[in-house]
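Please assemble the complex out of the two chains, which come individually in their own frames, going by the hints.
One line per chain: the protein sequences are A and B, in this order. Counting from 2, one number per residue, gives the positions in the first sequence under the working numbering. Counting from 2, one number per residue, gives the positions in the second sequence under the working numbering.
Derived by calculation from the structure, the hints in this document are not laboratory data. Errors might be hidden in some of the hints.
[What the hints assert, rightly or not] Computed beta-carbon distance windows for the label pairs: (1) A/Gly417 <-> B/Lys345: 54 to 60 Å; (2) B/Pro118 <-> A/Asp285: 44 to 50 Å; (3) A/Glu513 <-> B/Lys345: 15 to 21 Å; (4) A/Glu329 <-> B/Phe142: 42 to 48 Å; (5) A/Gly147 <-> B/Lys141: 37 to 43 Å; (6) A/Gly233 <-> B/Lys141: 51 to 57 Å.
[Unchecked claim] Now the stretches of chain B that chain A is said to cover, found in silico as 3 or more residues with beta-carbon under 8 Å: (7) 228 to 236; (8) 293 to 300.
[Said to hold, decoys possible] Okay, derived cross-link-like pairs now, DSSO-like style, lysine-lysine, Cα gap no bigger than 30 Å in a straight line: (9) B/Lys243 <-> B/Lys230; (10) A/Lys336 <-> B/Lys218; (11) A/Lys293 <-> B/Lys230.
Bear in mind that the values here come from a model prediction, so they are computed numbers and not experimental data. We put the CB at the ideal spot given by N, CA and C, even for glycine.
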Amino acid sequence: MGVATVTSTTGEAGANTVKGAGPAQLEVRGVTKAFPGCLANDDISFRIEPGEIHALLGENGAGKSTLVKIIYGVLQADEGELIWEGKPVTIASPHDAREMGIGLVFQHFSLFETMTVLENIALAMNDVRDMDALRKQVLEVEKTYGLPLDPDRHVYTLSVGERQRIEIVRCLLQNPKLLILDEPTSVLTPQEVEKLFETLRRLADEGCAILYISHKLHEVKALCQKATVLRGGKVVGGCDPREETAKSMAEMMIGQKLTAPDRGEARQFGDVRLAVSNLSLESDEQFGTDLKGINLEVRGGEIMGVAGVAGNGQNELFRALAGETEQEAAPDSIKIDGKAVAHFGPRRRRRLGATFVPEERNGHGAVPDMSLSENGFLTAFRRMALSARGLIREVPTKSFADNIIKTFDVRTTGSGAEAGSLSGGNLQKFIVGREILQDPGVLVISQPTWGVDAGAASAIHQALLDLAAKGTAVLVISQDLDEIYAICDSVVVMAEGKMSKPRPMADVSIEEIGLLMGGLHDLEGQENPAHDTQVEGGRLGQA
Amino acid sequence: MVRLEPRRQHSQAMVYLSPVLAILMTLVVGGIIFAFLGKNPFDALYTFFILPINNSYGISELFVKATPLVIIAVGLAMGFRANVWNIGAEGQLTMGAIFGGGLALYFHDSESILLMPAMFVLGALGGAFWAAIPALLRTKFNANEILTSLMLTYVATLFLSFLVHGPWRNPEGFNFPESRPFPDAGLLPIIFEGSRVHLGTAVAVFVVIAGWLLLSKSVIGFQLRVVGKAPQAARHVGFRQKRMVWFTLLLGGALAGLAGLFEVSGPIGQLQPSISPGYGFTAIIVAFLGRLHPVGILFGGLIMALTYLGGELAQITLGLPNAVTGLFQGILLFFLLACDVLTKYRIRFGTIAAKGRTA
Numbered sequence: 002m003g004v005a006t007v008t009s010t011t012g013e014a015g016a017n018t019v020k021g022a023g024p025a026q027l028e029v030r031g032v033t034k035a036f037p038g039c040l041a042n043d044d045i046s047f048r049i050e051p052g053e054i055h056a057l058l059g060e061n062g063a064g065k066s067t068l069v070k071i072i073y074g075v076l077q078a079d080e081g082e083l084i085w086e087g088k089p090v091t092i093a094s095p096h097d098a099r100e101m102g103i104g105l106v107f108q109h110f111s112l113f114e115t116m117t118v119l120e121n122i123a124l125a126m127n128d129v130r131d132m133d134a135l136r137k138q139v140l141e142v143e144k145t146y147g148l149p150l151d152p153d154r155h156v157y158t159l160s161v162g163e164r165q166r167i168e169i170v171r172c173l174l175q176n177p178k179l180l181i182l183d184e185p186t187s188v189l190t191p192q193e194v195e196k197l198f199e200t201l202r203r204l205a206d207e208g209c210a211i212l213y214i215s216h217k218l219h220e221v222k223a224l225c226q227k228a229t230v231l232r233g234g235k236v237v238g239g240c241d242p243r244e245e246t247a248k249s250m251a252e253m254m255i256g257q258k259l260t261a262p263d264r265g266e267a268r269q270f271g272d273v274r275l276a277v278s279n280l281s282l283e284s285d286e287q288f289g290t291d292l293k294g295i296n297l298e299v300r301g302g303e304i305m306g307v308a309g310v311a312g313n314g315q316n317e318l319f320r321a322l323a324g325e326t327e328q329e330a331a332p333d334s335i336k337i338d339g340k341a342v343a344h345f346g347p348r349r350r351r352r353l354g355a356t357f358v359p360e361e362r363n364g365h366g367a368v369p370d371m372s373l374s375e376n377g378f379l380t381a382f383r384r385m386a387l388s389a390r391g392l393i394r395e396v397p398t399k400s401f402a403d404n405i406i407k408t409f410d411v412r413t414t415g416s417g418a419e420a421g422s423l424s425g426g427n428l429q430k431f432i433v434g435r436e437i438l439q440d441p442g443v444l445v446i447s448q449p450t451w452g453v454d455a456g457a458a459s460a461i462h463q464a465l466l467d468l469a470a471k472g473t474a475v476l477v478i479s480q481d482l483d484e485i486y487a488i489c490d491s492v493v494v495m496a497e498g499k500m501s502k503p504r505p506m507a508d509v510s511i512e513e514i515g516l517l518m519g520g521l522h523d524l525e526g527q528e529n530p531a532h533d534t535q536v537e538g539g540r541l542g543q544a
Numbered sequence: 002m003v004r005l006e007p008r009r010q011h012s013q014a015m016v017y018l019s020p021v022l023a024i025l026m027t028l029v030v031g032g033i034i035f036a037f038l039g040k041n042p043f044d045a046l047y048t049f050f051i052l053p054i055n056n057s058y059g060i061s062e063l064f065v066k067a068t069p070l071v072i073i074a075v076g077l078a079m080g081f082r083a084n085v086w087n088i089g090a091e092g093q094l095t096m097g098a099i100f101g102g103g104l105a106l107y108f109h110d111s112e113s114i115l116l117m118p119a120m121f122v123l124g125a126l127g128g129a130f131w132a133a134i135p136a137l138l139r140t141k142f143n144a145n146e147i148l149t150s151l152m153l154t155y156v157a158t159l160f161l162s163f164l165v166h167g168p169w170r171n172p173e174g175f176n177f178p179e180s181r182p183f184p185d186a187g188l189l190p191i192i193f194e195g196s197r198v199h200l201g202t203a204v205a206v207f208v209v210i211a212g213w214l215l216l217s218k219s220v221i222g223f224q225l226r227v228v229g230k231a232p233q234a235a236r237h238v239g240f241r242q243k244r245m246v247w248f249t250l251l252l253g254g255a256l257a258g259l260a261g262l263f264e265v266s267g268p269i270g271q272l273q274p275s276i277s278p279g280y281g282f283t284a285i286i287v288a289f290l291g292r293l294h295p296v297g298i299l300f301g302g303l304i305m306a307l308t309y310l311g312g313e314l315a316q317i318t319l320g321l322p323n324a325v326t327g328l329f330q331g332i333l334l335f336f337l338l339a340c341d342v343l344t345k346y347r348i349r350f351g352t353i354a355a356k357g358r359t360a
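Only chain B is shown next, with the shape it has when bound in the complex (with noise of 0.2 Å):
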């Protein structure tokens, strides 16, 4: 019988040390299945992880695909703490999306300065309004979050197919289910020449910083970490869980919304069936690979965005599937989440009696 006892005390260097130990780990399991693959694992691993990044065009990219990504996670990492979670950040994304999107085809001849910013209000209220669905549903009727704003996803994402294919379509664009290119008072400035990385990236390294204010320096971050680690302390002191509910879903919504509308304003520059190649479900891996911690965030997503590229240049280079992306994050996550048991736990074998008569 294997059994899982916990430990007295937990190291608390384990508890930063587990991520890179994780990090490890999918390191050699990755090239152990490269190598099943018929692929040299040192090749593969240096296609996969080194390549992409060994110019500056490649950094920026990393920059690209990490903005959305840390956006979310800094918004999810504020649930988690407070033991909510919102799974069903890719559906407040998408709506975000939606929202912001909207208005740049509404105007889709104005050259107003006003623009963006209207377009950033948008998009965050989008997200903020569908993570409200689920947030109405917990708080009223009970209903488990993870559930509702997970299934809320695909009917966001199938939302945003009707409106491509449909009403929303470009009467311009040969029947393709896209819609009008977004003017350019609706695109994000690009803050480095020559590059995609745009304006967003700046607002990603901003959530940061004003993630890890809220968090350890405000009374509302207090109370959400209070509400999250003893729920009966925050009962006996007044800070409400279903206010900690609603707090939670709607920043996190409204920031998965923001990142959607970056996207579809930034690298996409317009709106199409497909947006996000997950980011709002990679977000959940990255929020813990950071510890919930918004600069461990920042880390979190830059890695997880490794995996990105270098999936993409895995399939053009080495001629593997995209599949290969998914199965990097989730050993990722399994080896995370091993390592995080093990930091709380120490597994024991044999039988109760047999562990007395050697203990």
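Next up, chain A with everything else stripped away, as it sits in the complex (with noise of 0.2 Å):
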């Protein structure tokens, strides 16, 4: 049967089974998938041997989730077919998938917070009668991947890191012949990833094919052995990882060259703009984390990163700073330009030159269903003086939403269009625009670019230079640290809710900032790491 099968394809196969004598684990021919208005996969073609570590690389909108979505079964191909282990299959449904033997580790968990990890690997799985014996299987697994993990712990006392652990789990279980991973280490330390990329390999040299899905091109020149570049939903080229360059890469997957962002010359910083000292706040969240005393200096000039691992605090640090929380109790803990603001709501702190951009840019930083004028009005109206009489200008504020699209590159019909029309990156860069623009004397930005493209994140990044070399205090909350490297002067680490002293960025190696993100180095900077290991023995010991 099988020996019939792999004749049958010779045909394409023979060319590229120099490396193995099988059939490839996966080929992906001529997958077309079109949605309403846009040409999602257009002729994808490419294949996974066993054992291979292989890199999808592309923009937001490339076509990668599409393409994923399809190979899992979520989706059905317009036209093509994908071949699995040398015949042509309908892969019909996720459950269908499972059965062949792919595993999807998802970008974001689907985990119930409050049932234990146990629990939540049986819900995923397709049959489970015996849940003592799925508890032994799930510490084989462990064990033998490295991937410690205690199944009777509820998920929400879990770091992402963990989280993630039970994802993995839970496709190995299946023994999977193929596992993708679609962006697996936007949530991890470096440390994490390190432990997340031996387990990979692990993985690989026992037969699984493995699909990365990331635009980390670092990472991926570190794991993978081969890569397919989408770009505008074609396949744009293929590469070995280990033979270009981060740089190289990036250029394949947008089509032109990149440039590195201006940082102009060395900057002199004035007087500290934005001041926090001793920020205690309970989160107002069922699982949120409470912050505990942060203290922070940002100066006219500065561009100062807040590094840190989701969920550490971040969220509310921005809530705090922007006025969405206050604390009438210590209004001296937040000054804007010297003067208390804690108290404030964000109007009256906008109102002192403050801005803020959130992390998420539908319903938070702006309306989706509303139109780009309105949404300028929005945050603009008293700065810009967008209204009179409580009655909105209509002139003024169309044309502050014009000069916002112009000034920043928004591709978009006009200030009429929603703002939920516009792609991700093009509306990160109005609503950036939109902050920038009523020239702030202190802008606090939350995840600059996250999901944007690198054209756009290149635009953002140099927007966010030329507003700190014009004499603002600018604080960027991101968890992607190559941001950080790239524009920030100086940086400091949330965990567990605490923060890190400010270190300059020319004197802090990635490894250091790691450590501190993954909370295991004193965050205060004074105890010395000898006396870390003797406690963390001795609770070892009492246990």
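Encoded structure:
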């Protein structure tokens, strides 16, 4: 049987089977998928051999997610076929995909917070009869692949890295022959990333094919043996990431030359414009992180980065700075240009010259089903005098939006277009532009280039650098260390609601930041690491 | 299995067409119901929807009935836009009538031209006061305003009943549960001779224009739209939801109170146990029929007013029960909501896997 099938595909397989004798684990042939108004996948073909770690590269909107959904049976291709171990197959549902041996680790975890690790795993299995047997299996997989995880812990007590391990264990239990990971490292510390890579390499050694989707190019370079690059729904090239540079791969992705942000000459910093002292705050969310004694100072002209793994209090910090949560009791804990503002709401803080860009664009930074004009008015109507006597001044409102669109090269049909109709990158440019054109003294921006294509990202980075050069204090909250290295002058790290001392970017290594992100290192920077290990050892001794 | 699947893009035209479609389907279903009741559906529909307005008196009555509906619905729409669900306009209407009407009874021998404006103010205050209770409960104790405002409706109507059966009963009224008739200075001037169309109708037109300006041109209207569409964005820029709860409930209450006052000082002319055939509830349908837009509400109000007139006529000439009015209003709301759902979602039959194979 098997032989017959192989010979039937030798036409194409022949040339490619130099390395392995058998057929490809998965071959994608001419897959095309159209949505109303958009050709998401256009005649995509590539193959993954058993034991190969294959990267799928591309900007947002290049068609990666659609392709993954087709492979995992969530969507059906309009044209083209999937060849699994040499045989054409129809994958009608994720259930089918799992049966065949395809595992998928999602970018966003689908876990139930209030249930235990084991219960969550059981929920994702096609068919579970015996919880004790499952527990044994789970422990075995964890041991084999070095994924320590207590099956009886509740998910809400786990770090993001641990949560991801649940997803991976979940997939490994099905003995996958192809494991797909969609942006798996966006939530991990550098150390956690390294651990994940070890697991993946071990899996590949055992013959499991891995499809690794990412836009973090140095990771792809470190991990993958082959890469397929998508742009605008088409395959625009393939390469061996080990022989490329991150820059050359980025240029393949966006199809043009990349310019590094221009940091200008060594900048002079002015007076402190944003000061946070001893800010403590209980989170208003059930599984939120309390802020514990946050201190930081940003001077005029300085860009300070706040690094950290998601969920360590960055959202709470942003809301506290933006005035979404107010501190009636301690007005002094936040100062803008020397004025105590922690008891002020957002509007009075904005009046003092502070502007804010939240992480989530739709529904937080902008109202998706309102026009760009109205979205410009949303945060700028006082500072830009877009209202008079309680009425909206139509003409200046429209011209303010037009000005943002022009200055920041927002691709849209005009200021009357609904914000929700813009692509992520364009809407982000609009929102960032809206705050920058208000000529702020302080700008707090969360995840400035989250889900934004490389072209828009570099425009936003340049705009932030230009703003700082004019004397604005800029605080960038970001999980992307590359971004922090690219634009920041100094960095602080958040872990478990606490913040490290600020360090100049020039003399802090990525390893140090990683340790701080993991919360392993002493955050105050006073006690020595040896002391820490002793405590750790003592605790272990007791247990 | 039947599932609703969000549409990728929903047609803007359908947003405005869906009320028209809903009205057409209501007519079809209404005709079928009439047929089942043993009436010729075409005759019945003619009696219900055409006969009431084929003379000038009928048209003037249409304005009389539409007046309270439009005034109340404009106020409610402001709240609905901001996700504040005031269901108790009927109670606020009643309280407005009690406050404003009470003043007219207190000055029952007055001839002052100041009485009417004072009644306007008190009527609006009465409605606003009654809506302030759900606002307070919502903002202080997070009590759902849908429940509190609805329950307060029954308190208000029973309070009115108590007043006209007891302390405010007309001493010369042969023990009927009615107040004294209002003095002439407390009655709304008629603006079209020979009809019952009163000053309140002019106010309704003014309310529509003012409501439109408020909603689309003012900063506070902008704020309440943002609060409704994207609460998180509203919080981000410091538009306080509590303020919007207060603003929309007080505004809606004041307008409902004003509408109540217009009823008792216009067509009715005194206080009596029942002063409204459910205008406060029907106005909810009017608000949605008009797409929560003041100009749309003007048309919605006229259509719903027609169901009241048609219902009365159907009672007289066809011998149908008055419940037919409520039935028509209910069917219309049902189809309106159904059209709205199908504008945003499409229906999918079959299981997920089967869908995958056929797609």
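For each hint given before, does the structure comply? Return the numbers of the non-compliant ones in rising order. 1, 3, 4, 5, 8, 10, 11
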